[in-house]
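Asks: What follows is each chain in one-letter form.
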Amino acid sequence: MRAYELMVIVDADVDDAGVKAVNSRIGELIAADGGEVVKTDAWGRRRYAYPIKHKLEGIYTVFDIATPASNLDELDRFLRLADDVVRHKIIRLPDSEAERRGLLGTAAG
Amino acid sequence: MKPKRSSKGRDAARRGGKKKVSVLNTEQVEYVDWKDVNLLRRFMSDRAKIRARRVSGNDSQQQREVARAIKNAREMALLPYTSRVTTQRGRPSRDRDDDGERRPRPPREEPGPIEFEPIEAETATEQAEGAEEVAS
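Chains as they are written, first to last, in the numbering used here: chain A, 1 to 109; chain B, 110 to 245.
Just so you know, the hints here were simulated from the structure itself, not pulled from any lab data. Heads up, some of the hints might be wrong.
Just a few of them, taken from the derived set where beta-carbon distance is under 8 Å, the chain A residues facing chain B [as the list claims (entries may be wrong)]: (1) Met7; (2) Ile9; (3) Tyr50; (4) Lys53; (5) Val62.
No farther apart than 16 Å at their CA atoms in a straight line, the calculated lysine to aspartate or glutamate pairs in the EDC-like style are these [stated by the list, open to error]: (6) A/Lys89 with A/Asp15; (7) A/Lys89 with B/Asp142; (8) A/Lys39 with A/Asp83; (9) A/Lys53 with B/Glu184; (10) A/Lys20 with A/Asp83; (11) B/Lys144 with A/Glu97; (12) B/Lys144 with A/Asp64; (13) B/Lys144 with A/Asp41.
All of these numbers come straight from a predicted model, not from anything done at the bench. Glycine is no exception: its CB is placed at the ideal position from the N, C-alpha and C atoms.
Extracted from the complex, chain A is given alone in its bound form (with noise of 0.2 Å):
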């Protein structure tokens, strides 16, 4: 179990219900082996620093996950394939930075 940080962008033009189905299949491919999303957080609509593919706003959302490495090649073609999905960024958390959000603690991992 390691401590991961995910920012996905979708793209402005999808509606709320694009937005959910986003998420849930992320939670899908996180639980495939026995990870967990501790944390959702919704920024929703943020302007662009710069404009990407003529657009100039995105729906954020960043989730906190603990999850065992070999979810992410999954998570990662998913995110990649998924033509909703704008960017998506998957970071390790370092493990200090994942104790003090208390990241693996519930896992015992």
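Knowing the structure of chain A, use the given hints to seat chain B on it.
Replies: Coordinates of chain B only, in the frame set by chain A:
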């Protein structure tokens, strides 16, 4: 008596300044979060360039973390890669700011064609001729 040179004195002699302290130290930041746009912006110039260590006061570890965080934030469009700065004309003293960035110089005014006044030109040739006569 030999002048004593303490380590402190030598440090201060380094271009006569106080050692800069990074805001990471003053605000006790333990983890440079790439999502913290307001923190990261303080390590960028107004042209969105990453500030040099000598400007920001970071040590090498801090500088590496800050640079990494800014680059991550840029990929997610939280921070710009560039941002255009409009320069005002007639203030050449602001050509360079504290991070030593080059600004485009305001265009120089072209000197117009020099106009001769015909009367002055005539007197000048007369004087020249007079000088020649004296010489011969």
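Asks: Taking the earlier hints as the rules, which of them does this structure contradict?
Replies: Going through the list in order, the structure violates hints 4, 6, 8 and respects the others.
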